[in-house]
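Asks: The lines below spell out each chain.
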Amino acid sequence: MHRKSASNPFLEEVVATAPGGDALRTCLQCGTCGGSCPSGPDMDHTPRMLFAMINGGMREPVLRSNTPWYCVSCYYCTVRCPKEIPITEIMYALKRLAVRDGLYDDSTAPDFSKTFIHWVEDYGRSFELGLMGVHMIRHNPFGAFKIMDMGVGMVTKGRMGFAPTRIKALDGLKRILAKAKELEAQT
Amino acid sequence: MKYSYFPGCSLEKNAASYDVSTRAVASRLGMQFTEVEDWNCCGATEYVSLNLTAAYSLIARNLAQATKNAGLDQVVAPCSACYLNLRKADKVLGQDAGLADRVGKALAAGGLSYKPGSLHIRHLLDVLYQDIGLEALGAAVTKPLSGLRIAPYYGCMIVRPSFHNGDDDPEYPTSLDKILKALGAEVVDYPMKAHCCGGHMTQISEASGFEMIRRLIKGADDYQTDVIATICPMCQLNLDGFQGAMNRHFSTNYHIPVLYFTQLIGLAMGMAPKDVGIGDEIVSSAKALIKIGTAVEPEPAGPPKRKKDDKSLPMPGRGGGVA
Amino acid sequence: MSEKVGVYICHCGSNIAGTVDVVELAKFAGELPGVTVSREYKFMCSSLGQELVAEDIKKQGLTRVVVGACSPHLHEKTFRRACATAGLNPYLMQMVSLREQVSWVTEDKALALDKAKAMISGGVRRVQLQEELEPTPVPVNPNTLVVGAGVAGIQASLELADAGYPVFLVEREPSIGGHMAQFDKTFPTLDCSACILTPKMSDVGTHEKITLLSYAEVEEVTGFVGNFHVRIRKRARGVDEVDCTGCGICIEKCPRKVVDDVFEAGMGYRKAIYRPFPQAVPKFPVIDRANCTFYERGTCKACEKFCPTNAIRFDQEDAFLDLDVGNIILATGWDLFDARRLSQFGYGRLANVFTNLEFERLCNAAGPTDGRIVLRDGVTEPKSIALVHCVGSRDKKTNPQCSAVCCMAALKFGHLVMEKTQAEVTSFYIDIRAPHKNYEEFYDRLQDEGMHFVRGRVAEVTDAARLPDEEGKLIVQVEDTLIGKQRRMPFDMVVLMSGLQPRADAREVGLRFGISCSMDGWFTERHPKLDPVATMTDGIFIAGVCQGPKDIPDSVAQGAAAASRIQGMIARGTVMIEPVVATIHEENCSGCRICNNLCPFNAIEFLAEKSVSYINAALCKGCGTCVAACPAQAITGAHFNNQQINAEIEGLLYDAVRGNGGAPKPVAVPA
Amino acid sequence: MSDERFEPKIIAFLCNWCSYRAADLAGTARMKYQPNIRTIRVMCSGRVDPSFVLKAFSLGADGVMIAGCHPGECHYLEQNYKAMRRYEMLRHTLLAMGMEDHRLRLQWASAAEGKALSEAINEMIEQVRALGPLNWPGLWSENGGHQAAIERLPHEHAEAREVSA
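Residue numbers (numbering that gives the first Met the number 0), protein chains in the order written: chain B, 0 to 186; chain G, 0 to 322; chain C, 0 to 670; chain S, 0 to 164.
To be clear, the hints were calculated from the coordinates, so they are not data collected in a lab. Glycine residues also receive a C-beta, built at the ideal position from the N, C-alpha and C atoms. Honestly, I wouldn't trust all of these hints.
To be verified - Stretch by stretch, here's where chain C covers chain B in the computed footprint (C-beta under 8 Å, at least three residues):
| hint | segment |
| --- | --- |
| 1 | 22-36 |
| 2 | 44-58 |
| 3 | 70-82 |
Claimed, not checked - Here chain B is said to cover these stretches of chain G; the calculated rule only asks that three of the stretch's residues, wherever they fall, bring their Cβ under 8 Å from a Cβ of chain B:
| hint | segment |
| --- | --- |
| 4 | 56-67 |
| 5 | 234-246 |
Claimed, not checked - Residues from chain B that keep clear of chain G, each with C-beta distances beyond 12 Å, as calculated:
| hint | residue |
| --- | --- |
| 6 | 2 |
| 7 | 3 |
| 8 | 4 |
| 9 | 5 |
| 10 | 7 |
| 11 | 8 |
| 12 | 9 |
| 13 | 10 |
| 14 | 11 |
| 15 | 63 |
| 16 | 138 |
If we strip away everything but chain B, and leave its shape as in the complex, we get (with noise of 0.2 Å):
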């Protein structure tokens, strides 16, 4: 049994977009998960901090702070809350409503899991040579020739094929992904 937040519209959209959201309205700034976090030392500002710009209602700051694509999805901040606030899922809420909204600076991870989920949707199957590919031609390209040898070992220990693998059901796949953006957009 939650007031909704008439003055603070943001916090009611970043709750309602994440599973389990409603939990953030407890948070008491304990920093728990910015001590935890493990890229923490290079996030604009750390999870707490944006937990409380989000109760401040800071809604475009906090969608291009670079703090959720810093995220590595290691949990230890969802374990360790004393509030038992689910911050990976509500870092990857903030993700979706900041791609939507087109509102990041850095593209680099946004096109990241694009990219990657480009070749999901296209085969269903993920393709790490031309993920990393093309992922490096945009946004590093210099950065290929430090992992220069590292390519060329797992290519040549055949680690990374050099096409992706297609699914039987394609069709039927595209067809379920296109029904789920669908029903995606009318939330």
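Please build the complex by placing chains G, C and S on the supplied structure of chain B, with the hints as guidance.
Replies: Showing chains G, C and S alone in chain B's frame:
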């Protein structure tokens, strides 16, 4: 013991050695795997960042496919990401009615359906630890890994978020430690055992990605580790594939091979290295594996005897006093 | 019905009258069948208001009274008294809550009036069926049983004993003193815990009114307020308390050393025959049979050989005492949260991670290190110490509550560290809670003394170094929430401020004494604000942390409060037992015994010879569960019988449209 | 007060120690809730005899609420568990006899939960308002009458007995 088997994209190519060794070890232990028919990618951590309903529908399709293996409600996934996605979807769809309804409609569009809770999604580690058990594993060992110092590395997604069903400790798990001990290996008390390998960070921000890899490799090196045992393709790729790049980035010179725990089990069962995909790793394990067979003094059992002049205070839980 | 009912509607200033049309309501009430007088008045609870009622009873010969005012929990006693003074049995008065349940919670005035009418007509119908009741007086046994001899139990015992009343003080451990005896200093005054506690302990030991039963537990409790019978198990000490002089030679000679994980919190060693600490009360040692060589191998008996008074009794067995007491105080205290449950803090794995209780022993001059603050190696003095707050407190996964004492204890530790060592000390807190007298000032003092504070709940404690300056240290990883950045800070020693939690067996104990626990396991008080030391079971009181986390001053205050409540009852000599109890009408009882095991207070017994069940009025608390359960309707619940409640239902629904021809007899609706 | 809007009448049995105090608290805190609820104070939710509920319905109540202390917090130790069992039994029976769900509600409310109780009251009033007036005899004959109901009883009771205590 019969199971549905969900290999996942990684095990097709990049982690083929995990797939090979898993199947080899499983059949030796009398487990029968039936691969989930025409399975698709689980979406890793990427799809849910873009579209909730689509992400869960993608996963749900796999669950629906798995139910086609008549009579097999136990699904084994060796990949931590696949395991977590499948299991989380099964759980969330049982709780979030709205999402479950949308996903149900989406599946219907593909002529499929899935009822949450009708499958038990389990990670390979859990199955080997619970169903096969240390005794059976120990009994199957013909070539103990004596003298090999192994750092058990769990990574994140199998121990967290813990689903409160008697799974291993989310902070300091021990099941892999025990399995490796059963293989006769010298298991190091690896403090980073459940820390994060950085996932896709190498692709998002090299610096952060490499730093997370460095912590783990350094941690293992501090304990004179010969081999890191992993249970997840993503972890293996990061620690093994990117170890060289990481070394260059920090001008360090670590060389610690990273093998799948199933490869080590296979070796301990006397299988030929190539039969369990040894050699696929970028950081060669050849030098480390030479050690296998060399004798090693057994670990002292229990707390050491107290000397007269010993002023040290007892560690917690050694008490024998009245409660 | 031939009753003459008087109805009194209170305006409560504008509290009721502001929303409910009291004039109209009084008019309506006046027309209800059986009502002879109906008035509205500004303040019914005022003396004038009460006289109004008394007058009408006398002059108009009212036989029933309905007061429509505030909640009965506020003024039921008041109006019962008013009736009694006018010679009307107080139980013939019924209160209707027009304020809490109508005017204060309703916006629409018209609807408020409707609801008020229904509530009043319910009261009017009910009251006419109410019966005269008399509370039954029972004598109060002047003896008191106090369970638990921590500071709260000690205080309670001394208060009662000094007032001249006999006390039986039962303590589970070999010595009294509780947790306070383990502490070094107390906050915020920093006086030495032992210095202020041990005098009280010896007072208890020597007081002629106090019978001290240590190393003992309460097995069974029967009876009721004023007349409890308790059975005590005195565990076998292995030492005869008459012959033993407490010289301690046996302890010296005992060859067997064991870790003392009770008094020394696992930090020190004791012998197999031992006394928890030098100033223990009573002075007699105890043989720890689980660890005694004689009980293991059948040889040794060193203690027996050297005992100058032959007080050792290897064959001693548990003894049982049966006592009669009038009242009982539970002061059973708390358990320390097991920090192992939060493995990210490394307790039990990382040698130099300590708990607050371990640290108390480290600081304590009488402790295992003679008060030297050192690392687990027993020699090295730490150069930096981290104090981690809220370990097992304010955490839904472990204990949701705030443990109330840890913040201040951490400040105290900070002071002791700086007093005894050169170490830098840093507190990692979420909020510093310093709400009592001179507590905030103590916080201020510690900041001034140079203690460091970082606002953030510690995420993890690890020995995995990332950078050279972290090598060989314990690294505390935390978000400094005031900067908004993650920090990794190296320390030599980490102290976990573990929270207070209910005794593992609190529920069990509660059931034994017939009192209840809250969800989280603390004993439930009768009223959280206005009756904090009484419980729902008359004659059973609670004091100290067993009721909820609190510090020493509060525990002492509760101990004293419980004692004074009991002194009052003893001084009065008798207690009145509420007549709201159930009775079984033998002629209707079929002896089916369904009710027998429904009663948690064992008030219902089966009379085999008559093959009917019987309710002991003194034990019955009047919940009425058996009344509702009796298939033969052979049980009536005084003041809440079926007729009364059914009448109230009819009244409440006086204006309802019957479920189309559901056909109960029509209820007279006022013209 | 609008005439077309259906104003249900709901009888609430409040236990003296928790839920009645919760109602007091709701009052002192001036929490507003709809006035369609009419309360009866009993010492314990365990006192509520199923016949009271049937009586209330037969006299034209559109809904009945039984409120007590949270499990484990009963001031009579465990009597609210008995209330819980009876409620389950009664609810199953009433459903079997064709009464809609939501007309009978068991509500836990500690002395501190004035807000929770008032919200629960409002919620129930809305639910019952949506159901409209209780038309019991009608339902009774529609759903096939006594026989069907009685046949289901043993099963319903079995279910009810599964309630943990």
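Asks: Against each hint, give a clear statement of whether it holds in the structure.
Replies: We went through each hint and held it up to the structure:
1. Residues of the segment 22-36 of chain B lying with their CB closer than 8 Å to a CB of chain C number 10, which satisfies the three-residue condition for coverage.
2. Check result for the segment 44-58 of chain B against chain C: holds, 4 residues qualifying (beta carbon to beta carbon below 8 Å, three or more required).
3. With 4 residues bearing a CB less than 8 Å from a CB of chain C, the segment 70-82 of chain B meets the requirement of three and the coverage assertion stands.
4. Residues of the segment 56-67 of chain G with a Cβ under 8 Å from some Cβ of chain B number 3, which satisfies the need for three, so the listed coverage holds.
5. Only when three residues or more bring their CB closer than 8 Å to a CB of chain B does the claim for the segment 234-246 of chain G stand; here the count is 4, and the claim holds.
6. Against chain G, the non-interface label of residue 2(B) holds: every CB pair exceeds 12 Å, the least being about 21 Å.
7. Under the 12 Å C-beta cut-off, the non-interface status given to residue 3(B) relative to chain G holds; the minimum distance is some 16 Å.
8. At the 12 Å boundary, the C-beta of residue 4(B) stays outside the reach of chain G, the nearest C-beta of that chain being 20 Å off.
9. Annotated as non-interface, residue 5(B) keeps its C-beta farther than 12 Å from every C-beta of chain G; the closest such distance is 22 Å.
10. No beta-carbon of chain G is positioned within 12 Å of the beta-carbon of residue 7(B); the least distance is around 22 Å.
11. Non-interface status of residue 8(B) relative to chain G is upheld: no Cβ of that chain comes within 12 Å, the nearest being about 19 Å off.
12. Distance to chain G confirms residue 9(B) as a non-interface residue, since its nearest Cβ pair spans about 18 Å, more than 12 Å.
13. Chain G leaves residue 10(B) outside its interface by the beta-carbon criterion, the shortest separation being 18 Å against a cut-off of 12 Å.
14. Non-interface status of residue 11(B) relative to chain G is upheld: no Cβ of that chain comes within 12 Å, the nearest being about 15 Å off.
15. Non-interface call for residue 63(B) relative to chain G: holds, since the shortest CB-CB distance, roughly 16 Å, exceeds 12 Å.
16. The claim that residue 138(B) is not at the interface with chain G is violated, since a C-beta of that chain comes within 12 Å of its own (minimum 8 Å).
Checked against the numbered hints listed earlier, the structure breaks hint 16 alone; every other hint is satisfied.
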